[in-house]
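A.B. asks: Chains as they are written, first to last, in numbering that gives the first Met the number 0: chain A, 0 to 455; chain B, 0 to 471.
No wet-lab data here; the hints were simulated from the structure. C-beta atoms are modelled at their ideal positions from N, C-alpha and C, and glycine is treated no differently. Accuracy of the hints is not assured; some may be wrong.
Keeping only pairs whose Cα atoms sit at most 25 Å apart, straight-line, the calculated DSS-like set for lysine-lysine is [said to hold, decoys possible]:
hint: 1; chain 1: B; residue 1: K106; chain 2: B; residue 2: K149
hint: 2; chain 1: B; residue 1: K368; chain 2: B; residue 2: K441
hint: 3; chain 1: A; residue 1: K8; chain 2: B; residue 2: K144
hint: 4; chain 1: B; residue 1: K211; chain 2: B; residue 2: K80
hint: 5; chain 1: B; residue 1: K211; chain 2: A; residue 2: K8
hint: 6; chain 1: A; residue 1: K8; chain 2: B; residue 2: K80
hint: 7; chain 1: A; residue 1: K91; chain 2: B; residue 2: K382
hint: 8; chain 1: B; residue 1: K106; chain 2: A; residue 2: K106
Stretch by stretch, here's where chain B covers chain A in the computed footprint (C-beta under 8 Å, at least three residues) [said to hold, decoys possible]:
hint: 9; region: 46-54
hint: 10; region: 82-90
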Amino acid sequence: MARVIAGEKRCTVNPLKMSQPIGAALAFMGIEGAMPLLHGSQGCTSFGLVLFVRHFREAIPLQTTAMSEVATVLGGFDNVEQALVNIASRTKPALIGVCTTGVSEIKGDDLNGFLKLIRNDHPELGQIALVDVCTPDFEGAFQDGWAAAVTRMIEELVEVPMFGAGLSRRINVLPGSHLSPGDIDELRDLFEAFGLEPIFLPDLSGSLDGHVPEQFMPTTLGGTSLEDIRKMGSSCWTVAIGEQMRGAAITLEHRTGVPYRLFDRLTGLAVNDDLMSFLAEASGVAVPVKYRRQRSQLVDAMLDGHFHFGGKNVAVAAEPDLLAAMTHWLSEMGCTIQAAITTTSSPVLEGIPAAEVLRGDLEDLELRAAGADLLVTHSHGRQASERLNIPLFRVGIPVFDRLGAGHQVTVGYKGTRDLIFDVGNLFMANMHEGHPQTWAPWSCGAHGPADAHESQ
Amino acid sequence: MNTLSAKVQSVFEEPGCATNQAKPDKERKKGCNKLLAPGAAAGGCAFDGAKIALQPITDVAHLVHGPIGCEGHSWDGRGSKSSGPMLYRTGFTTDITEQDIIFGGEKHLYKAIKEIVEKYNPPAVFVYQTCVPAMIGDDLEAVCKAASAKFGKPVIPVNVPGFVGSKNLGNKLAGEALLDYVIGTEEPAETTPYDINIIGEYNLSGELWQVKPLLDELGIRILACISGDSRYHEVACSHRARAAMMVCSKAMINVARKMEERYGIPFFEGSFYGIGDMSEALRNISGLLVERGAPAELLERTEAVIAREEERAWSRIAPFRERLTGKRVLLFTGGVKSWSVVAALQEAGMVIVGTSTKKSTPDDKQRIKELVKDDAHMFDDLKPREMYKMLREARADIMLSGGRTQFVALKAMMPWLDINQERHEAYAGYEGIVALIREIDKALFNPIWEQIRKPAPWDAVAGQHELWIQVA
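Go ahead and model the full structure; you've got the sequences and the hints to work with.
C.D. replies: Below, the structure written as structure tokens:
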């Protein structure tokens with residue numbers, strides 16, 4: 000059990016956290032034909048856009064209501080109206096997801112009311128789905144915004160079934176923001192292998208998996224279709240991945256009666272055994288041979304890899320659900336979690352296998368990581384990694400200085416197996432080899448044997 | 000907010016800006032802030048612009064007063080390089096929360112400045128105001144003044160809430176902060192007749208270092224670069240320079256003009272991109288210094304360096320000319336870079352088939368027109384969809400643009416090169432133009448194009464994969 004504490008600093012140094020509006024925007028980017036819209040000044044959108052472009056290396060659909068100083072004082076109705084009309088005519092989306100920001104929240108714009116009025120006045124908006132979500136950037140963090148957007152989509156778009164749930168082979172999957180497009184692809188294969196028909200909400204694997212479309216698309220290139228979202232109420236189960244998705248799963252259950260099962264992580268052996276048992280039971284299909292073999296490969300990877308993980312000290316900084324996934328897995332491989340830093344509050348934090356979890360920043364990570372064998376965080380950890388001369392394993396968003404961030408897989412037997420190889424290789428590449436002086440403390444002057452070894 | 004409005008107004012009335020002076024009185028009062036179209040806008044805010052302009056000052060702490068979205072999404076993302084201090088790459092923000100919204104963020108800000116001074120002890124702290132604290136009425140200037148008095152070091156207010164306008168306006172407001180609080184506040188240890196300022200150069204990817212060795216050779220000292228690879232002390236002493244060069248078109252014209260007005264430092268507008276422009280810049284620098292009293296022999300030495308370097312650059316470009324002659328280029332970038340890069344590409348034999356003039360002044364447009372004659376389209380606002388169509392129909396061989404439109408080109412299977420601020424290559428001076436040509440050559444002749452333009456076997460069986468076979 001970890002003690003969860005909040006930092007006392009007044010100045011955040013080297014931020015780990017990102018804000019709610021862009022977390023929500025990313026969730027909308029997993030919907031087919033979507034255009035997310037941030038209701039704020041244009042910088043809010045432009046910073047988020049550049050961040051996602053650098054991470055996914057893809058064109059990012061993201062618009063702004065471009066609030067000026069005057070509009071901010073008078074209220075943003077006109078700007079929201081113009082933005083919706085402009086987007087409708089220029090990009091013809093299926094859905095516009097409107098996220099508030101600090102600017103519009105402080106003004107107190109009633110976005111939900113705005114959307115109703117605007118729809119009445121503008122028949123040309125026609126079939127375009129409009130979903131608003133409240134995401135002030137002075138509260139919460141990225142994963143909270145993501146979860147809020149998914150919950151709002153369920154409230155606005157899922158139809159209540161006439162005959163109750165549970166008869167089809169359809170299954171809803173609500174992935175947390177820490178799952179990559181590659182993770183979604185992996186899970187889709189798995190669910191389909193049990194003869195299930197998964198609907199992912201949202202589905203970044205259709206939109207941000209880096210493919211080359213046949214024609215120009217001003218909106219998202221793919222993702223969950225509105226039609227699929229509407230029929231989520233008649234699925235047999237909902238699987239939520241990450242504690243952040245519990246609220247959305249409960250909302251869906253209340254609305255439609257579809258029961259849910261939450262997996263707080265899918266990295267590691269035991270948690271994937273749980274998932275397999277659940278899927279076998281839910282589908283009535285025995286675990287396919289392919290996955291039995293993958294389990295065996297994971298077990299073998301654990302055998303080969305444990306030499307390099309055992310006794311290693313690791314400092315991890317990530318959003319709560321990703322932090323939980325990485326720290327539990329590392330600790331299951333024999334590592335000690337030397338420092339755990341996160342961005343926002345969550346029930347999973349108390350269970351993290353570390354003495355303490357701090358809501359803080361990358362300066363906190365750097366201060367607590369001295370002497371560690373590995374840093375695990377997003378690309379902004381690179382400065383700390385250089386200064387401390389400790390290797391960095393990049394996870395989460397943003398990863399802007401490595402290729403393939405969208406295809407990093409950390410779920411399932413195979414994902415865990417490959418993660419063991421990637422992280423294990425980092426440990427191996429940074430092994431401290433002995434030399435003639437390593438075990439000869441007297442040659443190092445006043446240092447004792449332990450110090451001499453440490454100074455390697 | 001009143002002082003900020005007045006400041007914004009004064010920046011709009013900038014007499015050094017030709018565009019502005021050409022307008023009738025009434026229009027000028029409205030400012031050059033084009034109204035942004037909600038739902039159809041792209042581009043950064045005033046805060047973004049100010050940060051771009053000032054963050055290259057490497058030894059100070061840059062503290063952003065706002066919610067996490069402002070600094071959390073953008074820190075350590077700009078390519079400005081340092082030859083020494085690294086503090087400018089550390090992200091500092093007050094990360095304000097609901098508590099601050101209710102009770103005001105001024106005390107929070109003050110304590111944040113205190114923590115920075117105690118932990119990092121920089122020569123100065125720059126504090127950036129953003130939209131949310133501006134809305135709740137935090138008095139940035141007052142907090143900075145109090146902190147400055149208490150801690151005995153400059154704490155510079157940069158009042159740039161994003162909603163006051165565009166990135167370009169932010170550049171100018173950043174310049175105003177330097178003029179009001181930094182420039183002229185310290186004295187250099189020594190001065191020489193060869194001291195210059197370079198204004199509006201941010202040392203992206205180290206471009207200043209492609210130019211500096213030549214200035215060093217000529218004995219010309221950069222007293223201050225505003226702001227690429229600069230130290231606080233250098234900017235504070237910059238009022239002692241003998242002459243100045245203003246680099247990035249109109250971004251910091253207010254700094255150049257007001258320094259001329261206040262301290263009698265003459266300036267010229269120039270560019271380091273392309274052989275001709277680079278030579279012209281060296282000539283102008285030496286010319287201005289000699290006018291201000293430097294020995295006239297500097298002019299001869301400058302001409303000798305120019306002749307040597309031009310010949311060397313040409314001889315290094317020559318091997319590429321044959322391969323690149325006739326290659327058609329689409330050039331999409333803002334303002335100054337358009338015309339200065341056009342000349343450079345033409346030097347290598349390429350043809351400009353289209354260029355954007357969205358951010359260009361009428362002056363810029365005129366220059367482009369003279370350079371490209373009739374063979375190019377000038378687009379004011381080319382929508383991505385049309386851009387994609389042009390590329391897909393192979394009406395160009397390569398596109399040069401910023402990161403935003405990167406994927407329009409790549410998804411159309413068209414070679415693309417980054418020439419905006421996020422780029423990783425340096426293209427300034429004689430060295431840089433050779434590098435640019437080399438990069439274009441690398442992009443155009445990479446073997447992937449031929450492979451990826453061939454259709455998948457199942458499409459080939461079906462028959463037509465229209466264009467690419469002919470193009471490749």
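A.B. asks: Confirm or reject each hint.
C.D. replies: Tested hints:
no., hint, verdict
1, B/K106 with B/K149, "14 Å, holds"
2, B/K368 with B/K441, "28 Å, violated"
3, A/K8 with B/K144, "22 Å, holds"
4, B/K211 with B/K80, "14 Å, holds"
5, B/K211 with A/K8, "41 Å, violated"
6, A/K8 with B/K80, "29 Å, violated"
7, A/K91 with B/K382, "14 Å, holds"
8, B/K106 with A/K106, "22 Å, holds"
9, 46-54, "holds (count 7)"
10, 82-90, "holds (count 6)"
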